[in-house]
Amino acid sequence: MVGLSSGEKHFIRGGIAQDLRSDGRQRLNYRPVSVEVGVIPQANGSARVRLGATDVIASIKAELGRPDPLRPDKGKVSIFVDCSPTAEPKFEGRGGEELSTELSVALQRCLLGGKSGAGAGIDLSSLMIVEAKICWDLYIDALVVSSDGNLLDALAAAIKVALSNTGLPKVTVDLGTAPDDQPEVDVSDEEFLQFDTSGVPLIVTVTKVGRHYIVDATSEEESQMSTAVSVSVNKRGHICGMTKRGGAGLDSSVILDMISVAKHVSEHLLSVLDSEIAVAEAAAMS
Amino acid sequence: MEFVNPLTGFRLDGRRPNEMRHIRGEVGVVANADGSAMFEMGNTKVIAAVYGPREVQNKSQQLNNQALVRCEYSMANFSTGDRTRRPKGDRRSTEISLVIRQSLEASILTHLMPRSQIDIFVQVLQADGGTRSACINAATIALADAGIPMRDLVTSCSAGYLCTTPLLDLNYVEDSAGGPDVTVGILAKTEKVTLLQMDAKLPMDTFENVMQLAVEGCKAVAQYISEVLLENTKQLESRRGM
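Protein chains in written order, with the working numbering: chain P, 1 to 286; chain L, 287 to 528.
If you're looking for bench data, these hints aren't it; they were derived computationally from the structure.
All C-beta atoms in this analysis are idealised placements derived from N, C-alpha and C, irrespective of residue type, glycine included.
Heads up, a few of these hints could be off.
What the hints assert, rightly or not - With the C-beta cut set under 7 Å, the calculated list includes, among others, these residues of chain P facing chain L: (1) 36; (2) 40; (3) 85; (4) 92; (5) 139; (6) 146.
Unchecked claim - With a cut-off of at most 27 Å between alpha-carbon atoms, the simulated DSS-like pairs for lysine-lysine come out as follows: (7) L:505 <-> L:520; (8) P:90 <-> P:263; (9) L:374 <-> L:345; (10) L:374 <-> P:90; (11) P:76 <-> P:235; (12) L:345 <-> P:90; (13) P:76 <-> L:374; (14) P:76 <-> P:90; (15) P:76 <-> P:133.
Based on the sequences and whatever the hints tell you, model everything.
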């Protein structure tokens, strides 16, 4: 919980109004992003992303499963977020559950699309192995280790990096002769297929403080926000999902403006993240 | 199953019976906490964060002559080999929280901080046996980093007995072999035992050897932790320009 005096609040708001925030950034600048891959050896892919003092870990485990009968040509992905009490004492016990659920649902909305799975940021058909018989179930588990605002953007970035670090074992399937035979599956433990993550979107949260928008708000700045709009944008500039948080109402023209700001910022963030991924992968290989 | 090779005397992961896994400690991994640390014992990896001493949050728990020490142990969903989603506050984690709290309370000078509260949170990132020990070691470093007054460092290590050989610092495979697992926590300088747990049966004279081995392990951990803390203090000193 951020406890601020009225002087500090005034300082934060004044800095944002003059485009010089308390840590020296401009309104549309991100904090430095640091990326580490392969932090959880038992997982198929994992990543740790740090945005200033915000620190999150995402891990991806793949299991073979049966596709949903309503969507026989698609694999399944589920996202779970957990807020560790190490990040903030108020997450102790069940205290973190509400925020964890809010973040999980927001990520699901922004990365996995609607119930039909159409328009999902992650390409669900690439998880298909045999139609209506076998597919990959991806379990994305994220953990918030340290929190200093902008958790959603950090989590989405960590998931994107973890997916690019994920190797799915090559699977050979013997379908058998009878059509309703249970197919025989052989999972290779040597050959791995890389997951295509070029289409996986990032989330940019635009926070409105006073009359101005900022990105990558720290928890002190978040305590002063009126509303925040989280927009997930992929490489081609398509908007894959959106969530609005915070109590205050927004004019619809303001929302459109915030979306265009998010789209503009996401281009820069994507290129920064791509180069960080390349550096991290090279460091993990050596 | 052969846990100790009868010819070479090496264990499954290539260690000697009285050899510990590689240990690594890092101070200050959680930016917002008052004190924090990461501790690795082989593939077991935990993070500890300490908040406090601060105002007691639940006034009914306030103690007028000493500080209230609280501890919560949690495991990440991805920490074990098979992915499981476990509810918070199950019996195992409640028990481990209690054990960690009791063994650390022995060294914290709680009487110096009456009407205040110290929270210790430990988070397991990877579990490969000996999570209790790793958590206690991480929490000790985190408490020291938070500047909490302590009598001594509390360090912990486990030992077991398999294939008629006492083994130091069991990993998950050795731990689940069904042999006895003795977890010991000591106050490093005075060598007083603050934590002792054992499952399975063990003859009296063998127990003495196994426990002695675990105590030796604790001392080695204490040696390493004091090096880590000293190095950290030197860095703080140089950052101050002294």
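These are the hints, each one checked on the structure:
1. 36: violated, 12 Å
2. 40: holds, 5 Å
3. 85: holds, 4 Å
4. 92: holds, 6 Å
5. 139: holds, 6 Å
6. 146: The hint holds - residue 146 (chain P) has a Cβ within 7 Å of chain L, the shortest such distance being about 4 Å.
7. L:505 <-> L:520: Holds, at roughly 22 Å.
8. P:90 <-> P:263: violated, 33 Å
9. L:374 <-> L:345: holds, 24 Å
10. L:374 <-> P:90: holds, 14 Å
11. P:76 <-> P:235: holds, 23 Å
12. L:345 <-> P:90: Given that 27 Å is the threshold and the Cα spacing comes to 16 Å, the pair holds.
13. P:76 <-> L:374: Measuring from Cα to Cα gives roughly 26 Å; hence the hint holds.
14. P:76 <-> P:90: Roughly 33 Å between the alpha carbons, so the hint for residue 76 (chain P) and residue 90 (chain P) is violated.
15. P:76 <-> P:133: holds, 13 Å
Checked against the numbered hints above, the structure breaks hints 1, 8 and 14 and satisfies the rest.
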